[in-house]
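First to last, the protein sequences are chains D, W, H and C. Be aware that the first sequence starts at 1, since it is given in the numbering used here, and climbs by one per residue. Be aware that the second sequence starts at 1, since it is given in the numbering used here, and climbs by one per residue. Be aware that the third sequence starts at 1, since it is given in the numbering used here, and climbs by one per residue. Be aware that the fourth sequence starts at 1, since it is given in the numbering used here, and climbs by one per residue.
FYI, nobody ran anything at the bench for these hints, they're computed from the structure. There may be inaccurate statements among the hints.
[Claimed, not checked] Listing some non-contacts, in silico: residues in chain D with all C-beta distances to chain H over 12 Å: (1) Val239; (2) Asn394; (3) Pro406.
[To be verified] With a straight-line cut-off of 27 Å between C-alpha atoms, the simulated BS3-like cross-links for lysine-lysine are: (4) W:Lys447 - C:Lys447; (5) D:Lys215 - H:Lys447; (6) D:Lys11 - H:Lys56.
Using N, Cα and C, we set each Cβ at its ideal position, and we do this for glycine too.
Protein chains: 4
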Amino acid sequence: MTTWGGRFTGKMDEAFERFNRSFPIDQRLILEDIEGSLAYAEALESIAVLTPPELKQIVNGLNQLKDRVKKAPSFLEESNDEDVHTFVETQLVEIIGKTGLKLHTGRSRNDQIALDTRLFLKRALIEVQGQVKQLMIELVNLASNNSELVIPGFTHLRKAQPILFAHYLLAYFEMFFRDHQRFQDCFRRTNCLPLGAGALAGSGFPINREALRKKLGFAQITHNSLDAVSDRDYLVDFVSASSLTLVHLSRLAEDFIIYSAPEFGWIELSDCVTTGSSLMPQKKNPDSLELIRGKSARVIGNLTQLLIILKGLPLTYNKDLQEDKEILFDTLDTLLDCLNITQVILRTLQVNPSAAHRALEEGFLNATDLADYLVRKGLPFREAHELVGRIVLNCENQRIKLPDLPLDDYQHFSVLFEEDIFQILSVQSSIEAHSVHGGTSPSRVAKALSDAKEILTKLSSSDHP
Amino acid sequence: MTTWGGRFTGKMDEAFERFNRSFPIDQRLILEDIEGSLAYAEALESIAVLTPPELKQIVNGLNQLKDRVKKAPSFLEESNDEDVHTFVETQLVEIIGKTGLKLHTGRSRNDQIALDTRLFLKRALIEVQGQVKQLMIELVNLASNNSELVIPGFTHLRKAQPILFAHYLLAYFEMFFRDHQRFQDCFRRTNCLPLGAGALAGSGFPINREALRKKLGFAQITHNSLDAVSDRDYLVDFVSASSLTLVHLSRLAEDFIIYSAPEFGWIELSDCVTTGSSLMPQKKNPDSLELIRGKSARVIGNLTQLLIILKGLPLTYNKDLQEDKEILFDTLDTLLDCLNITQVILRTLQVNPSAAHRALEEGFLNATDLADYLVRKGLPFREAHELVGRIVLNCENQRIKLPDLPLDDYQHFSVLFEEDIFQILSVQSSIEAHSVHGGTSPSRVAKALSDAKEILTKLSSSDHP
Amino acid sequence: MTTWGGRFTGKMDEAFERFNRSFPIDQRLILEDIEGSLAYAEALESIAVLTPPELKQIVNGLNQLKDRVKKAPSFLEESNDEDVHTFVETQLVEIIGKTGLKLHTGRSRNDQIALDTRLFLKRALIEVQGQVKQLMIELVNLASNNSELVIPGFTHLRKAQPILFAHYLLAYFEMFFRDHQRFQDCFRRTNCLPLGAGALAGSGFPINREALRKKLGFAQITHNSLDAVSDRDYLVDFVSASSLTLVHLSRLAEDFIIYSAPEFGWIELSDCVTTGSSLMPQKKNPDSLELIRGKSARVIGNLTQLLIILKGLPLTYNKDLQEDKEILFDTLDTLLDCLNITQVILRTLQVNPSAAHRALEEGFLNATDLADYLVRKGLPFREAHELVGRIVLNCENQRIKLPDLPLDDYQHFSVLFEEDIFQILSVQSSIEAHSVHGGTSPSRVAKALSDAKEILTKLSSSDHP
Amino acid sequence: MTTWGGRFTGKMDEAFERFNRSFPIDQRLILEDIEGSLAYAEALESIAVLTPPELKQIVNGLNQLKDRVKKAPSFLEESNDEDVHTFVETQLVEIIGKTGLKLHTGRSRNDQIALDTRLFLKRALIEVQGQVKQLMIELVNLASNNSELVIPGFTHLRKAQPILFAHYLLAYFEMFFRDHQRFQDCFRRTNCLPLGAGALAGSGFPINREALRKKLGFAQITHNSLDAVSDRDYLVDFVSASSLTLVHLSRLAEDFIIYSAPEFGWIELSDCVTTGSSLMPQKKNPDSLELIRGKSARVIGNLTQLLIILKGLPLTYNKDLQEDKEILFDTLDTLLDCLNITQVILRTLQVNPSAAHRALEEGFLNATDLADYLVRKGLPFREAHELVGRIVLNCENQRIKLPDLPLDDYQHFSVLFEEDIFQILSVQSSIEAHSVHGGTSPSRVAKALSDAKEILTKLSSSDHP
């Protein structure tokens, strides 16, 4: 079934009909389509395109349809309608008769799909933000429960300096907090009513768009009808923000794959998020993390696809845009899944302090502290750096650690060394030395943790008031 | 159901179980999985891991399963097995009992999925090549049926020189012929048996891989087990070749959207591949072409996704690779759809010679012929070009065409002009002048058309002998 | 020259040294690097790592270097230093001697490059926003100068309904206004001081980061040192926003390539932004628009590249991130060029009202108005749509336009038709009918134009106060 | 300077002139452009467009130019010509005078740039294949020099089974061998002469394209002029093949970053391909590997960009295509650099057998061997797998290894266990058990190594004969 046909003589090719149909995909927007139609019917009544009884009929019909969809959606599968708009109109006419044929007055599928998508995305964004926040809570919980654990910090996947595990987790808190805000920006931009734009030139009937806006809960209305029907920026914003969130998730996944490998081993994944091998009985594989890493590629692929579709597309609506729905749905589902699974991973994670402890002993993580010591004794940093580099090389050749080198040997390198160097070589001394704002010292991290909790409290009350 | 579990104490998280399950996707490989298992059972029997009666039992069981899948595949939906391999093993055990538990000896899902995918892709490629060839046939048919139609040739979407419509169509013949060959290369690379690689180190049992190769119809066997289970190059080859084919289809789509616009108008799309507007009664929109153009983005997105998954992935198998199946299936389906719809479009296309004729009159398409005339009279080309540029500007200002300019005026520009110039300014003269190999002169195009037909004949007999 | 080496015995491979060197690229950040170093020297003095005389020396040295860079930057080419940070330190030591070796105390190239990039990007964003605003001004100017021109509005590259050219231009105003705001969001996120994060764990010296923030003009400081050195979200935000801006530019380019083609022809590009052919003397090609369209691909490619680099990257800094600079610079340069050239195109564009006029006569752009007429007479829209579709088909077969069909014939289709239909079939009547907010009616567009001018006034005063 | 202008009255906008100029990029094709022009001049002479003396003049002029370019290319920087074709023509006229103005007869920059690019790419491909082969040689050398070293093989970055290091290296040999062949396919497709296609319709002069083909060393000529000037498939082939090669390099890089981390540690990178930290004196970072991994993103970004440019581009030449040159050059340079640096890394790599030895002791890598043992005793594999899983769990809880579990305990799990199990639990026994073709057993790997050497010998003689 289609909503057009008067000017056509030939019949649609069957293969093309299947190719062209979007109902298998866009039926996911059916509640939004009905909601928009309910509001639109009122708007038509208020300009006398519909009589009050006609409005009542249409409202009843749409509500019946909505109920049926909610209760037993399987009947959607039986339809061969072209798209969700056609389906709703067809069903309405079936329920209430010819009055239903008046509903599309002054409206086009072009402004209708823009409305449906924005309504859907607004709800999706609230769900996404909720999940991002939940993930932030899990990070804070894990950090709070392991607030004293020190692990090696890495650059270039080589041990660099000791850091608090809580400090490490709060780095991801920062990323996801930015993501939360980015989704908020995205919500703000989506929160704009396109209905009334008609096919492209504005509705041919003097619809009260401001009343529609209030009814449908938008903050603003679009200001240009051509833009309103061809704009998909809000989708780009969403898929782009989702890509970045998945990049963050993929980095956490990569870290955790590595840190939970027995060679590192200061975290262990729960059995509940790992799988085995069909062949090798001993395997316990971090599939959950690998899938999250892999799925980040999926959303980046979606972003690429969306930008390619839009690039060079002439104004206004073109059918290429039909592909946007699968991108939206697939991105949303993937994102929610990955956010959720990461929460489960964090919630069930075990830490292994003794592995962390062992890891901090090897690798000269205190070399910078030694150089800083020399700076405090007056040596220019660049010279201190060079000198400590040579001490490290010396120790490495002897296969000893910095605390194992006798004071005499130190003094052989520089007369600035005194008995007090051995104090600054401890892990505890090292992390306490990094006490700037944002640093890993215990007091800073404790404060950062309490700041994070405060942010979470505010997020609860402030977003989407 | 999973094929592992002995070393696990905790239960899988439910959300993770859904996230991890690939059966909803990879069940599409079930016939390939059974085929591989049938061959593998024979291989196990030939090294006495299975007794002849056990082999018979397994073969019977697998054949029963195959029949059931072919007849009533809906029972696959009821399973909650982890993946297609688990499903086949579980079903087999259900049908024949404990003997089924022997089938996975010396085999891993890692080499099994590589086998299934290669078997599937080989078949898919034959179908794709068939569709590409069919498209080439439609191009040749359309060219043959309109062998004398001259249209404007474009560069920069500005009229350049007259060309035969058949010559234009044969340009796409060349592209799709290259695509056909590229899929052939892809077939050659896919045609390599990975089974026997085990999880990564090679099977722990002395499987006769050469016998397996013959049985399963591969041209070669893989030479390194680590590579065999982590290699997805054949998928990259396929998605990459598909991207290029879709780029070609998108260029044809773009051309046809433009050429069938009433402003150009020398082709008209059949009603059967166009759609109307829900609001604007007069519209006849080239949705088929727009969708093809849009879907090219989808396959490029898939390629991007696949390369991102593979980039930086450590050896050997990692779960990220599970995402490859959706990429393969979606690319294949999209490609086949677009190849098919383009055939319908070509088959039902109408040409409009009078629109083409009118289009050739405006736009100075013969300006180069005029410059070439001067060259033949001895003027260096660069000067001829400059001079004709000025003549064109002069005509444009007078709003006349080149044949309308009096000889006197021509001679005012250059004494080289003589009465014979008016002959070379005709469309026919122009196309005949381009008689180099590959050029648009009628005789060259006739020859090219007959060469194309010969290629098509050879394609029938030579590929996949 | 490098800033490390004490623990190394082997020499760097020459090919690797070239491969590893970033100075040819990151030297573009030299002024930011010096600015950051000046502020950092003060910070070191305030915690007594430097004495006041040492600070003075360093400040003098850095200022000398800055002057030299500004006056004769060619000496940068002679250096073989590893990167811009090494270059500045080396030069400083050359100018002021050993005191320069103290500057890197408690600082790492990891927080330093984050600082330099953020300083650079903040300035770049102000320039970008200025150019976007300038482009918005050109759109408004062109719209104001052609406020009464009516052109065909398109969907699916098929004529849909008449629209004001000014309305069309304001659709792009909306897009670029959103872009301007998106760059503002990007600025806000970039405006955060990372210096003090050290290599990853926070500086080992109690640097006053709040004082640094004020000195360097940032709105905030980063809260987590690990995040501070591995975060490139602000670059993703920038390249992502740039991609979308270029998508908008590419759509304008595509429209203009088509609208300025002689077949459409209601705009004409100035000679100053077109080029000719080396072979075909008549050609006047829209190269400027084609290049903009082509360059949008470049920035989308950059976005893809950046996301791929970040995906799955373990914390914290990894050398992969070095590639971010070329992405930033190339994106910025491409974006600024395309914004600038589009302004030139708009500024020098000619309109061709008679071509627009002719274009409006063909194509049944008033068919929807006819259907709306029937709705006002009481016919349900869907029936009116169907009926007008058949009238259009009838006219098309007769090769006449809607106003040419006699009233009798209209009444043959429906008795609702009366003499007044001929009034609603005019272009003027059609555009006036679309008088909703956002619609194309002259009064709405006049108001939209004045709103746009007001937005531009506010943009001048409000951004970056 | 441009090669057109007669029909233009306005001057080019200065900013647009810079934006439009490709000479800064395409000057890299100057030798190819001259080579093509030399051949083309002969072709013109053979159809009497040039006299023999004119030909001689032109040949002399072009050769002079070639010499100057080779000796002192810096004069190219001083030109403000539009592109390399214009530059060569301008210079030729400067050297030999007006005869130079005849060279462009019947030729367009459209077929000329296609020629130049194909000539360039053919040479580039030979260089690339040479580097790929060199890399294969390094892999074989490293494998030969460490033919007995056993390391853990990984799936999911978890220890799986013991493998020979040589077997591991030969997995990459397979990948790069496929790459070598893919570049060969690419060469074959590139090896096709486009010259004579003119602007789009074929040359207007009866150029002997077959003679040109021989002269310029192509295997074939293009068969359709429209395709010849708009086809960039050979570039897609090249960038696509390069992406895959870089994906392979990135996987090797990722493996080596991990394997050379002290936590794994069975390989160590030479000082000559690592760098230090400006702050942390102890650091030795694998920057070479990280850069290679990062640069793979660059080439994938290039591929995305190229496909986006081509997608939906109308026939034939459009200026968007100008962007293809930077993609080609950047991809080539990046690829060659990464191939070269990887060779250096392999050549200077140290292995650490004791670290490998330690790594093999932990992680139950022999669990599958134990299951296979039970299979040989008659237990169905799936049950053996389950049972060994439980044994592993038991050992893990006791913190012992499989060889440490007493026979009694084994027999407690299954009566099938006998004294001989302890033999199959050794590393040597495990690798020897994987003796299928492609497996990791020492004899198979020795054979694979000798096969690899033979392939290398053949590569020397067979490619590009």
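The hints, checked one at a time:
1. Listed as a non-interface residue, Val239 (chain D) fails to keep its Cβ farther than 12 Å from every Cβ of chain H; the least gap is roughly 10 Å.
2. Not every Cβ of chain H is farther than 12 Å from the Cβ of Asn394 (chain D); the closest lies at roughly 9 Å, contradicting the non-interface assignment.
3. Residue placement check: Pro406 (chain D) keeps its beta carbon more than 12 Å from all beta carbons of chain H (closest about 20 Å).
4. Pair hint Lys447 (chain W) plus Lys447 (chain C) does not hold up; C-alpha atoms about 53 Å apart against a cutoff of 27 Å.
5. Of the pairs offered as hints, the one joining Lys215 (chain D) and Lys447 (chain H) holds, with about 25 Å between alpha carbons and a cut-off of 27 Å not exceeded.
6. A distance of roughly 85 Å separates the Cα atoms of Lys11 (chain D) and Lys56 (chain H); the hinted pair therefore is violated under the 27 Å criterion.
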